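This note's numbering puts the first residue of the sequence shown at 1, with every later residue one more than the last.
It should be emphasised that the hints constitute simulated quantities derived from the structure, not laboratory data. Source: prediction; values computed, not measured. Note that CB positions come from ideal geometry on N, CA and C, so glycine has one too. Just so you know, not all the hints are guaranteed correct.
[To be verified] DEER-style ranges, computed between Cβ atoms:
{"no.": "1", "residue 1": "G54", "residue 2": "K164", "range": "35 to 41 Å"}
{"no.": "2", "residue 1": "F146", "residue 2": "S57", "range": "24 to 30 Å"}
{"no.": "3", "residue 1": "R123", "residue 2": "S150", "range": "18 to 24 Å"}
{"no.": "4", "residue 1": "K189", "residue 2": "R115", "range": "43 to 49 Å"}
{"no.": "5", "residue 1": "K50", "residue 2": "D239", "range": "30 to 36 Å"}
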Amino acid sequence: MRFKRIFTAILLMATCVVSANVQLTVSLDKVVSVVSLIDYAPYVFVDGSKAVEGVSSTQKNTDLVKGYSWEVFQESFYAMGYSIKYTIVPWSRAIKILEFGHAELLFPMSKSDERLKKYNYSREPVNTVDYVIYSHKNASLKWKGFNSLSEKIIGEKRGFNYGKNWNALSDVIKYQIGNISNGFQMLQKGHINGFIGYKDSWDYVLKKEGLEGEFIKTPIIGSSSEYVVSMKGRGQHSDLLEVYSQGKRKIIENGIVDKLKAKWFVVNQAK
């Protein structure tokens, strides 16, 4: 009986030691907090466009968040030994979460003069986007350069950046639209003359909704890279941008980025 009590005591002590070691390991884990948007396929998105949050690590990956840019971000930080605390919400909320300090980083964001005043950018991008303008196949809009848009009503997704050439246009009526599907519905009904967008992302929506044959698009009118950002004035958060860039270079060198491009772009285009 005495032997049994001694054995039980030893077992309890061993359990406490193991538990303490586990807690120590967890506490020493490097964790980065990030916010991104829910409806930006094929770059970052959530099925059903529902807000989600959680933690992703090499031990326990998430299947809630998807997309090329998400996987690039994720694998870059995994390569540097980090876990990821993620919040995926609509774009306007994502910006506020970053600005209020509830997340250290946000992605993906392109550069503009106004944004460069507020945000620090990673050296390495997460993705590149091409700008095109969509019109209905039966519409009278004929593309002959930006001059052909004079006095036309062109939809643009609220909060998105379309480059300096677009920003400089003053004789175009720019109509703010909440989501991509609504923009194509308005185009289909003739409420707007055109809809400027990011080619891969807007094409993804058309394919998903079976509307590929309903619209035509201009040649590429501009391109930009998109990055990971932090708020200016928060030094520790900005240090994480360099961690991301180092991790990104690692996954370029080991071939992961090429595999992700094949998964999200080459394969999808072939279908």
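Where does the structure disagree with the numbered hints, that is, which hint numbers, in rising order?
2, 3 and 4
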